[in-house]
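Chains A and B, in that order, give the protein sequences. Under the working numbering, think of the first position of the first sequence as 1, with each following residue one higher. Under the working numbering, think of the first position of the second sequence as 1, with each following residue one higher.
No wet-lab data here; the hints were simulated from the structure. Treat the numbers as computed from the prediction; the structure is a model and nothing was measured. The beta-carbon is built from N, C-alpha and C at its ideal position, and this holds for glycine as well. Heads up, some of the hints might be wrong.
Label-pair ranges, simulated between beta-carbon atoms [claimed, not checked]: (1) A:Gly121 <-> B:Arg212: 55 to 61 Å; (2) A:Ser109 <-> B:Gly14: 49 to 55 Å; (3) B:Glu179 <-> A:Ile17: 45 to 51 Å; (4) B:Gly106 <-> A:Trp136: 57 to 63 Å; (5) B:Asp172 <-> A:Ser109: 53 to 59 Å; (6) B:Gly14 <-> A:Met252: 44 to 50 Å.
Not the full set, but computed from the structure, chain B residues with beta-carbon under 10 Å of chain A [what the hints assert, rightly or not]: (7) Thr68; (8) Gly69; (9) Pro72; (10) Arg75; (11) Met80; (12) Gln82; (13) Leu86; (14) Arg103; (15) Ala129; (16) Ala144; (17) Ala151; (18) Pro154; (19) Leu157; (20) Pro219; (21) Tyr223; (22) Pro264.
In silico contact screen, one side only, chain B against chain A (beta carbon under 10 Å); selected entries [unchecked claim]: (23) Phe13; (24) Gly78; (25) Ala85; (26) Phe87; (27) Met102; (28) Glu109; (29) Ser113; (30) Ile178; (31) Arg182.
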Amino acid sequence: MAGGISLAARLLAVLLILVVSVFMLAPLAVVIVSSFSASEFLIFPPRGWSLRWYAEILASRAYLDAAWFSLQLAVVVTILALAIGTPAAIAITRHAVPGAEIISGLFLSPLVIPTILLGTGLLMMFSRYAGGSSFWALVAGHVIVTLPYVVRTVAAVLARADRAAEEAARVMGAPWWRRYWHVVLPQARPGIAAGAFFAFNVSFDEAVIALFLRTPGVETLPLLIYSKLEFSPDPSVAAAATLMILLTIVLMVALDRSVGLDRVAA
Amino acid sequence: MADVVVDGLSKRFGATSALDAVSLSISDGSFVALLGPSGCGKTTFLRLLAGLETPSAGRIRIGGIDVTGLAPERRGLGMMFQSYALFPHMTVAENLRFPLRMRRVGSREEQASRVGEALRLVRLDELGARFPRELSGGQQQRVALARALIADPPVLLLDEPLSNLDAQLRKDMQVELIELHRKIGLTTVLVTHDQDEALSLADVVVLMRAGRIEQIGSPRDIYRRPATIFAARFLGGANVIPVQIARGVATLAPGITVPAPSAPDGAHHLVLRQEDLRLRAARSDQDLAVPAAIVAVAFHGASLRVVVQVGDQRVALQVSADDAATWRAGDLAQLCWRREAAVFL
């Protein structure tokens, strides 16, 4: 089947892949290169090289506090998104839930609703009924936007699993809770791992909802980077962003090692 | 071990009826094959026995106990699925131990020794630590069978157990299943669309069609004495020729007749198995014969498949290669069969 795709089509494909890759990776490259700048100002390309901005942010109270807060937030959000999203995905794929289509649509809707709308709505709601925003208000906002990722990845993995395995477990004497524990959840594991990865990353990077629901004196890392850019742009911003990219890569490798990216990418 | 008695069992899915008031008694230790085309209700019947479907009407008793309202996990049956349904995240040994864990059979050590026995039974001693995806299709099939048997169920249910194997492996496994059944004498219900499988494995064949039982009998009976045209056609693709019978003579076509001593007058069907038919140059006294024109001859290795024309009817037959070596399309011959080979329906 060698001549199946013409040479021209293949060249075009390679070209497109190159263009897309450059578009996606160029901004990252600019940030990473800038982070090793020796100068006081955020300029590209840098005039000299140093690690001073890494030393700076690792000694900065503001950066460390913001990173710690973002980390706590992302961990709590991930746990809650998994706790809500996994059973939801199981229910949607495994059972004839009345209105499963609508429920599934609701769970995925945060992907299409503008975040700014969601942020405004949440702020108004929490101000009216909870006397203002709080850590848990922010958690709630992030859980809403991360749920679609968990529901989608878990549902996708379960949709491909052999349903007969659950029936077999049933015939072999497993009551429902043992079927979930021994059969359904292990089968969903790659989806849960991928969902956790997305939930953590989305929460850790999220700036819009955090901007609406921020509480005085507490800042997430993306918000700190944003305000730094606005008021005193220096290469510490690039250094912080580079560390965030590094964290994402580490998590990605961990995901690949634990369940295999090929099993969750489908 | 137990018998299975099913009484007036029906299953409707919405407006469609998958199983229509089926009653069947399966005696203890027998091997029953539910045979039929897809959509005939055989799989629904098996799933109802397992408890994976809830009947719309009727009762199921296993070993004298009414299990109609009992959840599948409480019926204690063994079932093997068409897809094998092995747990991909467990090793072979863990898969086999699963029913013992769920039913709390024995201590950890006893369970381990039973897993070892089961692995030996299906000749997979070395493969306990492998994962299902690391096994061949035939090995997976044997693991699934061992897992269905390991907890000593009173009844074994097999859903198209051999359909995912290639032809040679399927023949080997048929022999193994027969041996296994003879050894442990477990009441076994097999679902298959493959008549060869049903006839070779089972003591009793239940032929199903459109949610009802078409015919029940021993493999020999159901093959030799089909009760309906459907049964004749489904099993072995017999020739079914419309005939008119008057005063003990069946007319196949104008001027072409054979004796039909015991059949009543009227429109009937003559059932002739392909392998019961012979071609001769001239008619002999022992056999019945009708004149036939040869339409096509196809070589199939050990046998030839010949299609002939009798009146306006096409008739297919299978003859040994030597027997028919000289026949060519266009030749005229006598189509012969032994008196007792013919069935009038």
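Here is how each hint holds up against the structure:
Our hint of 55 to 61 Å for A:Gly121 and B:Arg212 holds, since their Cβ atoms are close to 59 Å apart. Checked against the given bound of 49 to 55 Å, the beta carbons of A:Ser109 and B:Gly14, roughly 31 Å apart, lie outside it. One distance hint, 45 to 51 Å for the beta-carbon pair B:Glu179 and A:Ile17, is violated here, with the actual separation near 58 Å. For the hinted restraint 57 to 63 Å between B:Gly106 and A:Trp136, the CB-CB distance of approximately 49 Å leaves it violated.
Between B:Asp172 and A:Ser109 the beta carbons are some 55 Å apart, a value that agrees with the proposed interval 53 to 59 Å. For B:Gly14 and A:Met252, the Cβ-Cβ distance of about 46 Å falls inside the hinted range of 44 to 50 Å, so the restraint holds. A hinted interface residue such as B:Thr68 counts as satisfied when its beta carbon comes closer than 10 Å to some beta carbon of chain A; here the least separation is about 16 Å, so the hint is violated. Hint status for B:Gly69: violated, given a least beta-carbon distance of 15 Å to chain A, over 10 Å.
For B:Pro72, the shortest C-beta to C-beta distance to chain A is roughly 5 Å, which falls under 10 Å, so the interface hint holds. Against a cut-off of 10 Å between C-beta atoms, the interface hint on B:Arg75 holds, since the closest Cβ of chain A lies about 8 Å away. Residue-level restraint check for B:Met80 holds (minimum Cβ-Cβ distance to chain A is 9 Å; threshold 10 Å). Nearest Cβ of chain A to the Cβ of B:Gln82: about 8 Å, under the 10 Å cut. The hint holds.
About 7 Å separates the beta-carbon of B:Leu86 from the nearest beta-carbon of chain A, less than 10 Å, and the hint is met. Among the interface hints, the one on B:Arg103 holds; its C-beta lies about 5 Å from the nearest C-beta in chain A, closer than the 10 Å criterion. Because the beta carbon of B:Ala129 sits about 18 Å from the nearest beta carbon in chain A, more than 10 Å, this interface hint is broken. With its C-beta approaching chain A no nearer than about 8 Å, B:Ala144 sits inside the 10 Å limit, and its interface hint holds.
Hint status for B:Ala151 relative to chain A: holds, with the closest Cβ pair at about 7 Å, below 10 Å. Of the supplied interface hints, the one on B:Pro154 is violated, with its beta-carbon coming no nearer than about 13 Å to a beta-carbon of chain A, more than 10 Å. Because the smallest distance between the Cβ of B:Leu157 and any Cβ of chain A comes to about 8 Å, under 10 Å, the interface hint for this residue holds. Of the supplied interface hints, the one on B:Pro219 is violated, with its beta-carbon coming no nearer than about 27 Å to a beta-carbon of chain A, more than 10 Å.
Contact between B:Tyr223 and chain A, as hinted, is not supported at the beta carbon level, the nearest pair being about 32 Å apart and thus beyond 10 Å. Using the Cβ-Cβ criterion of 10 Å, the hint placing B:Pro264 at the interface with chain A is not satisfied: the shortest such distance is roughly 49 Å. The restraint placing B:Phe13 at the interface with chain A is violated, with a minimum CB-CB distance near 12 Å, outside the 10 Å limit. Look at B:Gly78: its Cβ gets to within about 8 Å of chain A, closer than 10 Å, so that hint holds up.
A least Cβ separation of about 4 Å between B:Ala85 and chain A falls short of the 10 Å threshold, and the interface hint therefore holds. With 10 Å as the threshold, the beta carbon of B:Phe87 comes within range of chain A, its nearest partner Cβ sitting at about 6 Å, so the hint holds. The beta carbon of B:Met102 is positioned within 10 Å of a beta carbon in chain A (closest approach about 4 Å), and the interface hint is therefore held. Interface hint status for B:Glu109: violated, as the beta-carbon distance to the closest one in chain A is roughly 20 Å, over 10 Å.
The criterion of a C-beta within 10 Å of any C-beta in chain A is not met by B:Ser113, whose closest approach is roughly 19 Å, and the hint is violated. With its C-beta approaching chain A no nearer than about 23 Å, B:Ile178 sits outside the 10 Å limit, and its interface hint is violated. With its C-beta approaching chain A no nearer than about 24 Å, B:Arg182 sits outside the 10 Å limit, and its interface hint is violated.
Hints 2, 3, 4, 7, 8, 15, 18, 20, 21, 22, 23, 28, 29, 30, 31, counting from the list given before, are not met by this structure.
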